[in-house]
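**Q** Protein chains in written order, with the working numbering: chain A, 20 to 393; chain B, 298 to 827.
Treat the hints with care, since some could be wrong.
[Stated by the list, open to error] DSSO-like cross-link-like pairs, simulated, lysine-lysine; straight-line CA separation at most 27 Å: (1) B:K485 - B:K504; (2) B:K458 - B:K485; (3) B:K504 - B:K519; (4) A:K369 - B:K519; (5) B:K381 - B:K413; (6) A:K267 - B:K679; (7) B:K381 - A:K368; (8) B:K504 - B:K458; (9) B:K381 - B:K504.
What the hints contain is simulated information worked out from the structure, not anything from laboratory work.
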Amino acid sequence: MRSTKHGLDAVLRARRPRLAAVFGHALWAVSSLLLAVVASGVLLFALGRSPLAFYTDLVAAGIGQSFGLVDSVIRMGPLLLIAAGLAVAFRAGLWNLGADGQFLLAAAIVAGVAPSVQRAIPGLASIAILFLVGVAVGGAWSVLPAFLKSSYGMNEVITSLMMNFIGLGVANLLVKGPFVGPLLVQTNDIPELLPGILESRVHVGVIVAIAAVLVLHLLMSRTAFGVGLDVLGSNPRAAVHLGVDVAKLTMIAFVTSGGLVGLAAAIEILGVWGYMRADWNPGYGLLVIPLVFLARLNILAIVPFAALFGVISVGGQFATRRAGLPNDFSLVLVGLMLLAMLSTQVVAKKVSTASRPRFALPKRSFAATGETDA
Amino acid sequence: MARSDGSTEAQPASVEFIRIRKTFPGVVANDDVSIVAYPSEVLCLLGENGAGKSTLMSILSGFYTPDAGVIRVNGADVIIDSPKRARDLGIGMVHQHLSIVPTLTVLENLMVATGKGFRLDVVAAQHRLKQLEQTLGIDIAGDARAETLSLGELQQIEIMKALWRESRVLILDEPTSMLTERGIEELKSVLIQLKSSGLSIIFITHKLHEALAIGDRVAVLKHGRVVGALGPRELRDVPQRELERIVMRMMFPDQSVDPFAMVRQNGPGAAGDATGDAFLQLRDASTSPTRGGCHLKDVSITVGASEVLGIAGIDGNGQRELAEVICGQRATTSGQVLLEGRDITRLRVPERQRLGVRYVTDDRLGEGIIRPFGIGMNLVLKRLGMPPFWRHLITDEAAIDMAANRLIREFDVRTPSARTRVGVLSGGNLQKVILARELSFEPRLIVYNKPTHGLDVMTSIAIRNRILQQAAAGTASIVISTDTAELLQLCSRVAVMRRGTIADVVDVGPNAEERITELILEAGRSRAIN
C-alpha cells in the first residue's frame, strides 16, 4: 500500500526540464481523455444515443454556457479541498479513507449550529467561525485513527474506514435529531450564505479553496514540514533513524487531512445548500482518491483534475437528462476516464523507462583515484 | 582461459562465455569477456565494485541479453532470454540483495521461493529445512518471521533457497558479504560438498583472499574486461602471498601499494585510547526481547573521548540493538546511557543528534537514505528544519546545494550533481553519502555499524582512514564489524558480543586476534548448543 513513490518521484527527483514535464503530462491527460470519450461514445452508440449530441450537450452545459461554467467552478471547490487533504495524508504514507465520514459529520454540525451562530454573531465573522467549526470537526474525526496509528501502530486503513461509517451514522442522527428543522428531513435553513464573487453565483468558498491549496502546495514543497512528510511517506524506518518525530508528524498530517475535508464540508453547506438533508452523501471522498493518485500526490496538479471532474459532473447531469439516460452515466464516463488515465500512465512509464539508461551513472571504480594495493 | 592443468583436462566445460559484450547507455559493463567454468569446480570472479561481475552473471541467469558474444552451456550454444530459461538449463543464482518477504516466516519464504504447484507441502519443507540446517551447520527457527532476523541470518536463508533446488550451475553473488568468519567457513565446507556432487559453482567476490581460498579457478575482472586468470595448478602450487601479488599486478599493473599501508600509518596508536575520561558509558543496559532478534542483557561499555572501541561478534548477537540503544532508536528496559556523565537514557534521536551522537547504519538502503530524494537533501536530512538549510522552516535550496557540493567533493562521492537521486548511486558512493552526513556538523560520538561491509578494497581503505582521522580529531567512535582484521587495525580495544551480552573486552596487542577469535567461536558454540 505504501506506494507514494510515484508522487515523490515527480516532486523530489532531480528536476527535469519543467516545460517538457508539463507538456508530457498535458499530452497524457488529453490522450486519455480522448480514449475515454471514444469508449463512452461506443457505449452511447450501443445504447442508441448519438455520442456527438451527448458530448455537445456535456461541453455546452459544463463550460459552454455561463450558467454551466459557474456550476462547474462551484463543484470544483470541495473536490479541491478534499483531494488536497487526502494528498497530505497520502504523501506521509497515511491512508485516510475516512474522508466521507469527516465530510458528512462536519457538514451536519456546521449546518446544525450555523443558524444559532449567525443569530449571535452576524456577518463575515460568523462565516469565519463556521469555517473553523468545519475544520475542527473534520480534524477531530481523524484524531482517533491518527492516535491509534502513531501510538500503537494500528492500521489506519481499517480505523479510518470504521470512523467513516460511524461519522456517516452520527451525521444522520444529528440531522434527524437535535438539528432537525420543521421539514423533519433536514436542518433549519442557514440565514446567511457565502457571498458571491463580483455579484456572480460563484461564492467566495471557491477562492478559499484555491487559496488553501496554494498555501498547502507551498508548505509541501518549500518547508521542512513537507520534507518531513515525504520522508515519512517514502521510508518510515528511515524517518525514525533520521530523528523525525514520527508520532507527532503522523498526528499533524492526519488531522490536517481531516481538517481540510471538514473545510470542504463547511464550504459546500454554506456556499451551495444552506442546510443539510438527512441521508445526503455526495461520496466525494471515494471519488477523489483516484484523482489524487492521477495528480501523483502533487497538490498543484490536483487543480486541473478537480476542474475536469467539476465540468464532467455538471455537464454530465444535463447531457444525460437530454439523452434520456440516468445520471449514473456520467459516473461511467468518469470511471472510463480514470481507467484510461491510469492505463496510459503505465504505458508512458514503460516507454520512458525503456528509453532511459538503466544505470544513470557510469559505475567507475573507486580505484581510479590512484592508491592501490600489492 | 585454456585448461592449464591435468586434473580437469577430460572434463567438458559446463559454461563458456565467449567474447561477451554488454553495454548500457553510457557504460560498457562487459567488454570482450571470455571465461570458462567446469563441473566440480569453483570459479571465482574477482573484481571491485563495478567491474562487471554481476552484469555477466545477470546475463547467464537470463536477466540481461548480451549485445554480442556467445554462451555455451554443456557444449551447446544457448540463448538465455529469460530467468525461466536459465532455470531450465540448471542455472541457479543467489543474488547479493535479499529477496525475502519480511512478513512471512523462514519456512514460508522457503516454500514460496521453491515450491511447485498450488499446494504447500509443509511437512516436506520442514524436513528439507532441517536437512539444510544440518548441511549448513546453522540453527534457524523455521517459524521466525523473516523481518525479525539479522542480515546474516537472512543471507543464510537465501543460500538455503539456492541449495533447495537442484541446479547444475550455481551462481553466488557476493554470498559472504553478510556472513561472519564462521559463516564463511561453513559456506566453504558446503561448497566442497556441492563440488563433489559435480556442481559447477561461480562465485562472485571482491575479496582477494576469499577468491584465492575458495576458487579452483579465478578470473579477474576490471572495468568490464578480464584482466587475468589463475588456473587450479597455480592456485595449488604458488604460495598465497605470491598469488596476491600476481592478482594485484593484474588489477593495477603500474602500481604496487600495500592495501593496509595507509591505514597503518595512522593506526591505532594515533587514535587515542584515553579510556580514563569516559565519553560514553552504558550501564547495565537491557532491551525488551524481540522475536527472532537478540536483545541486550545488562550491557556495560565505556568509550573514551577520541577512543575507537571495536565491537566484534557473529552477526545477530545484539550489535544492531547496541547501536540503536546508543543513538536513541531503541528504548532500554533498564540501565543507563551516559554521555560525558550526563544521563541521556530518556533522550530521543534528534536530541541525541544535537549532542553530537551519530550513527552510520549498516542498513543503508533500508533506513540510511531516502531513495527518491536528491543527494543534497539526503546529506542534510538529519538537520531537518535547522538553519542554515531551513530558515523559519523554509527550505533554502541554495544553502543545501552549497553544503552538498562541498561534502560531495570532500568525501569524493561520484555523482554528476548534488541533485541526482541518491537511489541511483552504487554501494560505495551511497556509503560515502551516509558518512558525509554523519561525520559533518560536529560529531562527538560516532557509531559505525559494519562501515565497509560489501564495499570494494579501495573504498574500504578510504573509509577506515576516515574513521581514524575522525577519531584523531577527538571524536569518540564505536566500530561494529564482523571483520576482526578490520577491528584490529582501527581499535584500541575490542568488545566481543555474544547473545546480547559483552563476553569480554580485549586490548589490542599481541595475541589479541587469537583471544577475539576464541571469544567469537565460543559464542558460536554456545549458540549452536541452544
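**Q** Quick one, are A:K267 and B:K679 close enough, alpha carbons at most 27 Å?
**A** 17 Å, holds
**Q** Under the criterion that the straight-line Cα-Cα distance not exceed 27 Å, is the pair B:K504, B:K519 satisfied?
**A** Between B:K504 and B:K519 the Cα gap is close to 14 Å, so the pair holds against 27 Å.
**Q** Need the status of pair B:K381, B:K504: alpha-carbon distance at most 27 Å?
**A** 30 Å, violated
**Q** Regarding the pair B:K458 and B:K485, is the alpha-carbon distance no greater than 27 Å?
**A** 17 Å, holds
**Q** If you draw a straight line from the CA of B:K504 to the CA of B:K458, is it 27 Å or shorter?
**A** Satisfied, since the Cα-Cα distance of roughly 24 Å is no more than 27 Å.
**Q** Can you confirm whether the C-alpha distance between A:K369 and B:K519 stays at or below 27 Å?
**A** Since the Cα atoms of A:K369 and B:K519 sit roughly 32 Å apart, the hinted pair is violated (cutoff 27 Å).
**Q** Measure nothing beyond the straight line between the CA atoms of B:K381 and A:K368; if it is 27 Å or shorter, mark the hint as holding.
**A** Since the Cα atoms of B:K381 and A:K368 sit roughly 25 Å apart, the hinted pair holds (cutoff 27 Å).
**Q** Mind checking the alpha carbons of B:K485 and B:K504 for me, to see if they're no more than 27 Å apart?
**A** 14 Å, holds
**Q** Checking one constraint from the list: CA of B:K381 to CA of B:K413, max 27 Å. Satisfied?
**A** 14 Å, holds
When the structure is compared with the earlier hints, violations turn up for hints 4 and 9 and for no others.
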